[in-house]
Amino acid sequence: MPRRDGGPVETDGRAIWRTFCAGWHLFRGTPSRFWLEQELHDLFGVEVAPSAETADEIYDRIASCIASPQFRPRALFDSFKLEILATTDAPASSLDAHAAIAASDWDGRVVPTFRPDALVHLNRATWKQDVEELGEAAGTGIDTYAGYLGALQQRREHFRRLGALATDHGHTTADTTPLDRSDAERIYAAALAGSVEPAAADAFAAHMLFEMARMSRDDGLVMQIHPGVLRNHHAEVHDRFGADKGFDIPLPVDFARGLRPMLSAFGTDPGFRCVVFTIDETTYSRELAPLAGVYPSMRLGVPWWFLDSPHAMRRFREAVTETAGFYNTAGFVDDTRAFASIPARHDLARRVDSGYLAQLVANGQLGLDEALETAVDLSTTIPREAYAPR
Amino acid sequence: MPRRDGGPVETDGRAIWRTFCAGWHLFRGTPSRFWLEQELHDLFGVEVAPSAETADEIYDRIASCIASPQFRPRALFDSFKLEILATTDAPASSLDAHAAIAASDWDGRVVPTFRPDALVHLNRATWKQDVEELGEAAGTGIDTYAGYLGALQQRREHFRRLGALATDHGHTTADTTPLDRSDAERIYAAALAGSVEPAAADAFAAHMLFEMARMSRDDGLVMQIHPGVLRNHHAEVHDRFGADKGFDIPLPVDFARGLRPMLSAFGTDPGFRCVVFTIDETTYSRELAPLAGVYPSMRLGVPWWFLDSPHAMRRFREAVTETAGFYNTAGFVDDTRAFASIPARHDLARRVDSGYLAQLVANGQLGLDEALETAVDLSTTIPREAYAPR
Amino acid sequence: MPRRDGGPVETDGRAIWRTFCAGWHLFRGTPSRFWLEQELHDLFGVEVAPSAETADEIYDRIASCIASPQFRPRALFDSFKLEILATTDAPASSLDAHAAIAASDWDGRVVPTFRPDALVHLNRATWKQDVEELGEAAGTGIDTYAGYLGALQQRREHFRRLGALATDHGHTTADTTPLDRSDAERIYAAALAGSVEPAAADAFAAHMLFEMARMSRDDGLVMQIHPGVLRNHHAEVHDRFGADKGFDIPLPVDFARGLRPMLSAFGTDPGFRCVVFTIDETTYSRELAPLAGVYPSMRLGVPWWFLDSPHAMRRFREAVTETAGFYNTAGFVDDTRAFASIPARHDLARRVDSGYLAQLVANGQLGLDEALETAVDLSTTIPREAYAPR
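Chains as they are written, first to last, in our numbering: chain A, 6 to 395; chain B, 6 to 395; chain C, 6 to 395.
Read the hints as simulated data drawn from the structure, not as lab findings. Please read these numbers as outputs of a predicted model, since none were measured by experiment. Possibly wrong hints are sitting among the right ones.
Which copy is meant is left open, because identical chains are indistinguishable; a pair holds if it fits in one copy or across any two.
Within a straight-line C-alpha distance of at most 25 Å, the following computed SDA-like cross-link-like pairs (lysine to any residue) qualify [claimed, not checked]:
hint: 1; residue 1: K250; residue 2: D17
hint: 2; residue 1: K250; residue 2: R355
hint: 3; residue 1: K133; residue 2: T273
hint: 4; residue 1: K250; residue 2: A270
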């Protein structure tokens with residue numbers, strides 16, 4: 006998202022909105038512009054472009070909309086015709102909110118996703134506390150590596166019972182090299198004792214990706230991997246405000262060597278399914294399409310984060326289809342915290358995919374009937390199958 | 006090539022064909038689809054799309070075609086109007102089949118290509134046996150490094166006499182750093198004794214690329230290099246079935262540093278010609294086009310393997326032409342084992358190149374007469390010149 | 006620039022021009038062709054295409070043009086309507102020529118740019134001599150690290166007084182890691198004594214990028230960085246003719262980690278402005294657009310050197326706009342030594358940008374009024390703002 010200055014942060018909603026509207030030209034050509042434009046028009050009925058002059062008028066209209074019953078989250082969920090919405094949750098989460106939805110008379114499908122990143126990166130500042138909460142949630146001891154594995158396994162089962170279909174893994178690299186059991190135990194013990202070396206922590210994180218793959222093979226949760234982001238890039242912001250306050254910058258990723266241990270072990274196992282995402286586009290044609298084309302357990306995740314935009318989504322199809330086809334990709338999954346933007350995001354992805362299919366038809370490379378079937382498959386059959394319980 | 010499951014391998018041709026036809030939708034958007042469609046229609050006269058329903062009808066038609074005399078290999082070669090077909094052969098090959106063709110009354114041009122990969126990678130399981138066969142074929146001792154070099158040189162001459170135009174080199178990296186003579190001798194002796202370190206084997210492979218360049222400079226064989234593939238990615242398949250059973254995944258390649266020793270030594274030598282291929286597209290505009298643009302001995306190989314498909318071939322022209330022009334590329338060379346697909350592959354490459362030229366004309370960037378001349382050059386003059394004996 | 010042979014270099018202008026015209030087809034599809042065609046036609050009134058037959062006619066026409074007063078440099082500068090022309094100059098330069106222009110009655114704006122590369126790379130053959138000239142120019146001692154820093158600072162001020170807006174930095178990597186003061190002093194002293202290790206020289210170069218950023222923050226000169234080129238690729242040419250005689254090949258660049266120290270320290274400082282260029286296109290969407298999108302002090306430099314060509318400039322906009330927008334880029338800056346090609350180069354860049362904007366309008370992604378405003382901003386407002394004194 007473009008920004009122009011590093012000035013003080015506004016906390017008043019209307020003031021922020023005025024600044025935003027006055028800088029509307031900064032978003033030209035960006036997906037934020039495309040989503041917001043569609044959202045403002047289709048959802049909130051706004052007919053004017055954002056600007057310093059129109060900011061208040063639009064603000065008032067949105068405020069009046071979201072005060073009305075048809076803009077309550079469940080009402081929007083129903084009107085958006087969402088088939089499923091997945092949250093990501095720490096393994097220690099009670100998932101009470103999910104249980105409450107399940108117990109309610111509303112039939113919207115909102116499921117948790119198992120995200121153990123904080124627990125497998127031993128050198129995060131909060132690790133000790135997080136792993137203790139894991140032990141409490143699982144009701145088991147975590148003072149041994151075996152106990153830790155057991156607790157993770159037990160929480161996965163808890164997630165699965167509340168409807169979870171998948172796990173989610175954000176690592177700096179794609180390394181999945183397993184450790185010898187004794188090495189894993191030794192590093193885990195060192196972490197508990199508060200003295201883990203950076204290289205040992207990295208090796209443990211890679212090892213745990215392998216272990217998570219093994220558990221996925223056993224319990225059928227689909228494993229989502231999205232490596233290659235240097236988080237907390239701005240040292241001062243990180244020091245003042247803590248981790249995960251933005252300033253995340255993508256890195257090159259070595260999927261060919263990184264995923265080799267995991268795919269060698271589980272890549273042809275019918276019980277295992279992984280979906281691999283990237284924001285390093287250079288890996289599309291070089292590594293990810295060849296890997297997804299040859300390992301039956303792998304699906305290629307669609308463009309995500311910095312890349313779920315028109316040109317980037319088009320480049321994705323152009324780079325991977327010729328090697329992996331359409332049916333080894335996973336279908337569009339948005340990754341947004343902006344609930345009201347969901348229809349615009351899916352609509353944009355569907356337009357781009359349809360544009361790509363239309364070009365194949367116009368070029369005489371695909372029949373119109375085939376293109377229409379593929380367009381429907383990309384938005385329904387393929388994602389349903391990619392995330393189906395195994 | 007897309008695939009959907011890791012099930013047991015069918016060995017019955019008709020059963021395989023039925024499975025293939027039932028999964029025809031999996032190939033949508035892939036070059037396999039485009040080639041096969043053209044091949045089935047133009048060569049075998051098939052008028053229906055493959056599907057579970059049409060599988061037997063198409064199978065029977067193909068079976069009846071290939072039983073007829075006009076579908077014999079030499080007849081197809083003539084009807085395809087092939088100017089030259091090059092095989093790749095181990096240095097120890099007798100090349101008897103090539104000699105037999107030369108001695109026959111058929112005038113098709115089928116030539117060998119010298120491929121010494123197995124002999125320069127000292128840590129391959131079969132190396133000792135391969136180098137012994139080399140010595141036998143050359144009729145010289147290979148128990149010293151000098152004998153080994155002499156045997157290679159002698160076999161290159163044998164290949165050249167039977168019409169070979171080129172050598173072919175598939176390495177994991179693009180490194181061409183030469184070793185001191187004494188280091189090369191020492192590592193070679195260690196390999197013969199069965200105890201070569203991985204790093205020494207890698208250094209020797211790089212050294213031998215440099216030596217092969219020197220021999221090319223001396224005997225005029227064109228040197229084809231295509232580095233950057235991690236072979237035998239699936240450990241279990243490799244352990245069960247041996248090397249080169251698929252699961253090859255491309256890697257990033259460092260051409261700028263890797264080729265520097267070779268190009269510094271021979272890159273401006275009129276006696277030397279190399280053609281460099283890649284499946285790491287990131288190197289097109291960053292390294293390969295600048296290198297091909299500045300070293301007279303180098304030609305940039307066209308898209309190959311995972312990349313000889315419409316979008317990838319178009320990206321190649323868009324990425325390299327603006328730096329290296331058309332006349333520093335090598336012209337389309339298909340790399341197929343599927344004999345009947347050759348016309349479709351060349352036709353596709355010519356269409357893509359013509360589409361690129363047409364856009365330049367439509368944009369006012371090139372005259373129509375120039376584009377027509379370039380289109381012909383790309384498919385005739387340029388590859389003939391690239392592989393011409395020096 | 007394409008070339009066909011490594012033959013002897015012609016020194017006679019007419020003979021060189023005849024060879025060039027006879028090889029005019031080698032430039033098909035390259036920007037050299039597009040620029041020259043426009044330049045020959047629009048500036049010199051040539052109506053025929055270059056060829057062996059037309060070479061003399063065109064040569065004579067150009068020779069007659071440049072003998073006339075309206076083709077004198079200042080006359081061309083005025084007729085090209087150049088707003089500003091910046092040279093790059095060694096820190097020790099007296100800048101007498103700039104002073105002479107300033108003192109003349111001609112009002113063209115020609116300003117110096119501070120380029121300290123030779124002074125911060127301690128292992129260059131000429132370093133000792135260059136740093137001594139720096140000391141003489143600054144009139145201060147350079148036998149301590151503090152004196153060296155002071156001399157650089159003093160010369161920056163001299164450049165600024167003569168109109169300089171920017172500094173310019175070409176490094177092999179993007180590393181900006183600062184050294185401890187004592188390490189910097191120790192390495193500097195070793196270099197003065199003639200014995201600096203390659204790794205120490207690299208660390209010092211990185212450190213000096215950080216120091217140059219600090220000075221830019223203090224004196225307001227805009228810092229231009231363009232890393233990632235392996236210079237003097239051809240060893241023999243380098244040995245015979247010395248450094249910077251061509252054979253420069255781009256390398257992969259790690260901007261995410263490399264720029265982190267500098268951007269963490271100064272990236273949100275209103276006094277600092279950097280413009281980052283690349284010829285490694287893989288960094289556009291992966292690193293540079295996210296960095297320019299999040300750090301207010303950074304602007305993304307436009308395609309440069311091998312990349313200021315139609316397809317490459319279009320790829321730039323397609324790769325970066327969706328993450329960084331238009332207003333975090335720096336506007337087109339040509340980087341040519343060919344004075345007469347300046348209008349054609351800017352014209353080409355404006356056409357490509359306009360073509361990109363036109364597609365957004367045609368797709369319904371941008372209003373025509375917005376596109377027109379952005380087109381003007383890209384060629385005027387944005388570069389003026391990017392290089393405005395801070």
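Consistency of the hints with the structure:
no. : hint        : result
1   : K250 / D17  : within (20 Å within a copy, 59 Å between copies)
2   : K250 / R355 : neither (31 Å within a copy, 38 Å between copies)
3   : K133 / T273 : neither (36 Å within a copy, 33 Å between copies)
4   : K250 / A270 : between (36 Å within a copy, 17 Å between copies)
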